[in-house]
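Participant: All chains should be built: construct the whole structure from the sequences, respecting the hints.
Numbered according to UniProt numbering, the sequence shown spans residues 1 to 283.
Among the hints, a few may not be true.
What the hints assert, rightly or not - Straight-line distance between alpha carbons at most 25 angstroms, and here's what the computed DSS-like set of lysine-lysine pairs gives:
{"no.": "1", "residue 1": "K51", "residue 2": "K87"}
{"no.": "2", "residue 1": "K51", "residue 2": "K201"}
{"no.": "3", "residue 1": "K109", "residue 2": "K202"}
{"no.": "4", "residue 1": "K201", "residue 2": "K270"}
{"no.": "5", "residue 1": "K281", "residue 2": "K202"}
{"no.": "6", "residue 1": "K201", "residue 2": "K281"}
{"no.": "7", "residue 1": "K85", "residue 2": "K109"}
{"no.": "8", "residue 1": "K91", "residue 2": "K138"}
{"no.": "9", "residue 1": "K109", "residue 2": "K201"}
{"no.": "10", "residue 1": "K202", "residue 2": "K258"}
{"no.": "11", "residue 1": "K281", "residue 2": "K258"}
{"no.": "12", "residue 1": "K201", "residue 2": "K274"}
{"no.": "13", "residue 1": "K270", "residue 2": "K198"}
What the hints assert, rightly or not - Derived Cβ-Cβ restraints for the label pairs, each shown as a range:
{"no.": "14", "residue 1": "K91", "residue 2": "D116", "range": "25 to 31 angstroms"}
{"no.": "15", "residue 1": "F257", "residue 2": "E84", "range": "23 to 29 angstroms"}
{"no.": "16", "residue 1": "S71", "residue 2": "S272", "range": "17 to 23 angstroms"}
{"no.": "17", "residue 1": "Q97", "residue 2": "K274", "range": "28 to 34 angstroms"}
These aren't lab readings, by the way, just hints derived from the structure by calculation. Don't be surprised by glycine CBs; every beta carbon is placed ideally from N, CA and C.
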Amino acid sequence: MATSLLLRHSSAVFFSHSSFFFTKNNSSRSFTSIKMERGQASEENGAKTKKVFVAGATGKTGKRIVEQLLSRGFSVKAGVRDVEKAKTSFKDDPSLQFVRADVTEGPEKLAEAIGDDSQAVICASGFRPGFDLFAPWKVDNFGTVNLVDACRKQGVNRFVLISSILVNGAAMGQILNPAYIFINVFGLTLVAKLQAEKYIKKSGINYTIVRPGGLKNDPPTGNVVMEPEDTLYEGSISRDQVAEVAVESLLHDEASFKVVEIVARPDAPKHSYKDLFASVKGR
Numbered sequence: 001m002a003t004s005l006l007l008r009h010s011s012a013v014f015f016s017h018s019s020f021f022f023t024k025n026n027s028s029r030s031f032t033s034i035k036m037e038r039g040q041a042s043e044e045n046g047a048k049t050k051k052v053f054v055a056g057a058t059g060k061t062g063k064r065i066v067e068q069l070l071s072r073g074f075s076v077k078a079g080v081r082d083v084e085k086a087k088t089s090f091k092d093d094p095s096l097q098f099v100r101a102d103v104t105e106g107p108e109k110l111a112e113a114i115g116d117d118s119q120a121v122i123c124a125s126g127f128r129p130g131f132d133l134f135a136p137w138k139v140d141n142f143g144t145v146n147l148v149d150a151c152r153k154q155g156v157n158r159f160v161l162i163s164s165i166l167v168n169g170a171a172m173g174q175i176l177n178p179a180y181i182f183i184n185v186f187g188l189t190l191v192a193k194l195q196a197e198k199y200i201k202k203s204g205i206n207y208t209i210v211r212p213g214g215l216k217n218d219p220p221t222g223n224v225v226m227e228p229e230d231t232l233y234e235g236s237i238s239r240d241q242v243a244e245v246a247v248e249s250l251l252h253d254e255a256s257f258k259v260v261e262i263v264a265r266p267d268a269p270k271h272s273y274k275d276l277f278a279s280v281k282g283r
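Facilitator: Laid out in structure tokens, this is it:
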């Protein structure tokens, strides 16, 4: 049953556009210094609200990430391909800024979009289905690599990637898993994502790679289960919970330099995100 759920929703992972950090002078600070109350950020020592750049901000998962960041008191710079169209997808918010950004156009233009005022980047972009079999590599591989390089150009040292379970399915002995076969039909999508993950790990940037199971547009129906990389090979999860995990990864040091796989299960006990991230061993 769980395998069928993943197969049913797995294409959504790729068909959507989807803590601790270092400031530009490499001094360490934490997003947890922000006090969140009623969706407003009241910060210690009068520091400015932390700004997060979100790539793929108009996608089904990316949009939820933007909305949750805003509700938690963050300022958001939404990277989109069509600014005017993107504005119609969100309510007016003084903490939300739109900038044109296409992950396939190279790190120089992306660095300009990220700017010198972003403290973290969340990548929720994904290729759109079409006739271009190289699209997964252009977006999910090279596009992610471009974002990482853009972060390094701007001195942004906190990066969160929305990936997928089963990206390393071959090494897990899941090469015959129907979901692994189905998703890779679209230009070896999972292989492209895995190569991007490897680049992130070698970059030296402080990363959290979030690998969700099959994505559901429905509200959450269970509690989040979080496991180390190359553990889960079936299951599904609401996009709302994926967005929540992405945002929470910015608020907990325990999420640094980790790959976490997530699904939701009705019978799973509820744990704090601090404990969930702490339960997964880092690099």
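Participant: Each hint: holds or not?
Facilitator: A quick look at each hint next to the structure:
1. K51 <-> K87: holds, 18 angstroms
2. K51 <-> K201: Status holds; Cα separation ~23 angstroms.
3. K109 <-> K202: holds, 22 angstroms
4. K201 <-> K270: violated, 29 angstroms
5. K281 <-> K202: Since the Cα atoms of K281 and K202 sit roughly 17 angstroms apart, the hinted pair holds (cutoff 25 angstroms).
6. K201 <-> K281: Answer holds: K201 to K281 is near 15 angstroms, not above 25 angstroms.
7. K85 <-> K109: holds, 20 angstroms
8. K91 <-> K138: violated, 31 angstroms
9. K109 <-> K201: holds, 23 angstroms
10. K202 <-> K258: holds, 13 angstroms
11. K281 <-> K258: holds, 7 angstroms
12. K201 <-> K274: Judged against 25 angstroms, a Cα distance of about 22 angstroms means the pair holds.
13. K270 <-> K198: violated, 31 angstroms
14. K91 <-> D116: 25 to 31 angstroms: Distance hint for K91, D116 holds at roughly 27 angstroms.
15. F257 <-> E84: 23 to 29 angstroms: violated, 38 angstroms
16. S71 <-> S272: 17 to 23 angstroms: holds, 18 angstroms
17. Q97 <-> K274: 28 to 34 angstroms: holds, 30 angstroms
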